[in-house]
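A.B. asks: With the hints as extra help, turn the sequences into a complete structure.
Chains as they are written, first to last, in this note's numbering: chain B, 1 to 301; chain V, 1001 to 1279.
Just so you know, the hints here were simulated from the structure itself, not pulled from any lab data. Any given hint could be a false lead.
[Said to hold, decoys possible] Label-pair restraints from in silico Cβ distances:
1. K1140/V <-> L48/B: 53 to 63 Å
2. G1173/V <-> E174/B: 37 to 47 Å
3. R199/B <-> Q1031/V: 32 to 42 Å
4. E1215/V <-> P112/B: 40 to 50 Å
5. R1218/V <-> V119/B: 48 to 58 Å
6. M30/B <-> D1080/V: 38 to 48 Å
7. I282/B <-> E1215/V: 57 to 67 Å
8. R220/B <-> E1215/V: 52 to 62 Å
9. I289/B <-> S1172/V: 51 to 61 Å
[Claimed, not checked] Covered by chain B, according to a simulated footprint, are these stretches of chain V (three or more residues, beta-carbon under 8 Å):
10. 1116-1126
11. 1183-1191
12. 1225-1233
C-beta atoms are modelled at their ideal positions from N, C-alpha and C, and glycine is treated no differently.
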Amino acid sequence: MSVIAGRREAGVGLRSGPQVRRREGVARLMHLLFLLVTSFAVIILGVLLVSILNDGLQGIDWSFITSRASRRPERAGLITALFGTLWIMALTALIAIPIGIGAAIYLEEYAPRNWWTKVLQTNIANLAGVPSVVYGLLGLGVFANTLGLGRTVITGALTMSLLVLPIIIIASQEAIRAVPLSLREAALALGGTPWQTARSHVLPAAMPGILTGTILALSRAIGETAPLLVAGASLYLTFNPGGIDSNYTVLPIQIYNWTSEAKQEFKDLAASGIVVLLAVLIAMNTVAIVLRQRFSRQARW
Amino acid sequence: MATQTAGPVHVAAPTRSARPTEFTQSEPIVQVRDLNVHYGAFHAVAGVSFDVPKNSITALIGPSGCGKSTVLRSINRMNDLIPNCRVDGQILYHQVDVNARKVDPVEVRRRVGMVFQKPNPFPKSIRDNILWGAKINGFKGNADELVERSLRQAALWDEVKDKLKENGLALSGGQQQRLCIARTIAINPDVILMDEPASALDPISTLKIEDLMRELERQYTIIIVTHNMQQAARVSDQTVFFSLNEKRQGVLIEASPTAELFTHPRDQRTEDYITGRFG
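C.D. replies: Here it is in structure tokens:
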């Protein structure tokens, strides 16, 4: 302590000099810039939400939720599309999440680092960038026609699964890769098999990241219209899908349908539909976030 | 099972008495024969041979990058995890080559445990840290008793007995390392490899680990990599000195009883290193 005090007495200046001031100026500028960029995204989102809620909220009542499609706007509702979306999303999650996480585990924990793995990896990355309508065509060709599944819920869910799989795989791989090697070494050095190591240590540690990627992927899927239209979703349906072999429609298609109607009343219905779609999306994300919190509480290193 | 080791194949973690006791003082438990390790095109370790006697502490010393850790990790096949790593030559554990085709690395590692440089407890409770390895190896006995015995052996019990449910990562660095040792002891290995186990610790924790090693030597065979020559001199029975040859390959210079190596080194390079005139 005395040394520092002595220095101060000796007059060693600790006030910023011109060079330090310049650097700190730049630092403050960057701080401001990043704050601005973040605010920009949040503000846009806020404006969007307010405008949608403004247009759509008053149109939402119990009968809107529970009514089926109709030619008369005052009687039209979206229960059919809501059911369709829930069916498609639930099945997509059921199909895509296990396959996606499994593929990620294989690629990160088992696959030899060779030419073939690299080809596989590059292809998965490319698939994540393929326009969604192409998946629709694939779904129509393979699931609906070749496999004879027709224009049904299962065709839609399989098509959606293909669409989200690359995103889930890549996000899960990132999460698995972020688990420190030392954790794997610890488990293997105790005589753990690769699978015991992955299941007991790597996966729990990677789970928060995997869930985040899955949320993003499913959030993308819930808003998709094009692939399902192409793969055979119905534009106008007056009954609720009753199983995986039913015809179906989904919320975005219903919304799109309403916006293309001439009457203003239908356009208002579209706004209300968007609010419902957002609500479903938020509900889905909330579940995933709660799950993620639970996992990240126990996995920390 | 894939191995034909001389020791019994335990399913449950056995007690001390179940371990093989019939051995002579000089019986080697691990024999390294003309070990060569390549990382891709890089020849990291060239022609290393030495024996590790049972119930002794062998210290591997030498300058950075001379392949000590590589040699150590070859013994329980941890180098399998490193892509492009190729291990040639023989590492005999109870006369069985651990790299033989029929040998399962999982079987090797449950007999040859390892403690790493950086403490790496699982992000789980202290209790679960001890029990995980035992459970996957088929332990069916009294869990509480195993936890207490392992922690006592690792000289950690008194410090943690009231917080066994707490996360292992909440402990101090030195305690974490002793937890890692306790976890290794819990699966009752034959050999314990330690890769600079005290290098990330303060002097008091280091001394505790060294005392612990002395204690463990009675039951286990320990091979330790250390940068700290005093540590090697303090704890080990045998010291193996590695250095780099003119092709920058890690080579064994001298393997002698520790007292001999530090007082009458046979090789000039050993003498230069231990007296600090290296490089």
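A.B. asks: If a hint holds in the structure, say so; if it doesn't, say that too.
C.D. replies: Here is what the structure says about each hint:
1. K1140/V <-> L48/B: 53 to 63 Å: holds, 60 Å
2. G1173/V <-> E174/B: 37 to 47 Å: violated, 29 Å
3. R199/B <-> Q1031/V: 32 to 42 Å: holds, 35 Å
4. E1215/V <-> P112/B: 40 to 50 Å: Once the Cβ atoms are compared, 42 Å apart, the range 40 to 50 Å for P112/B and E1215/V holds.
5. R1218/V <-> V119/B: 48 to 58 Å: holds, 54 Å
6. M30/B <-> D1080/V: 38 to 48 Å: holds, 46 Å
7. I282/B <-> E1215/V: 57 to 67 Å: Since the Cβ atoms of I282/B and E1215/V sit about 58 Å apart, the hinted range of 57 to 67 Å holds.
8. R220/B <-> E1215/V: 52 to 62 Å: holds, 58 Å
9. I289/B <-> S1172/V: 51 to 61 Å: Given a distance of about 33 Å, which is not inside 51 to 61 Å, the answer is violated.
10. 1116-1126: holds (count 7)
11. 1183-1191: It holds, with 3 qualifying residues against the three required.
12. 1225-1233: Since 0 is below three, the answer is violated.
Against the hints set out earlier in the document, violations occur for numbers 2, 9 and 12.
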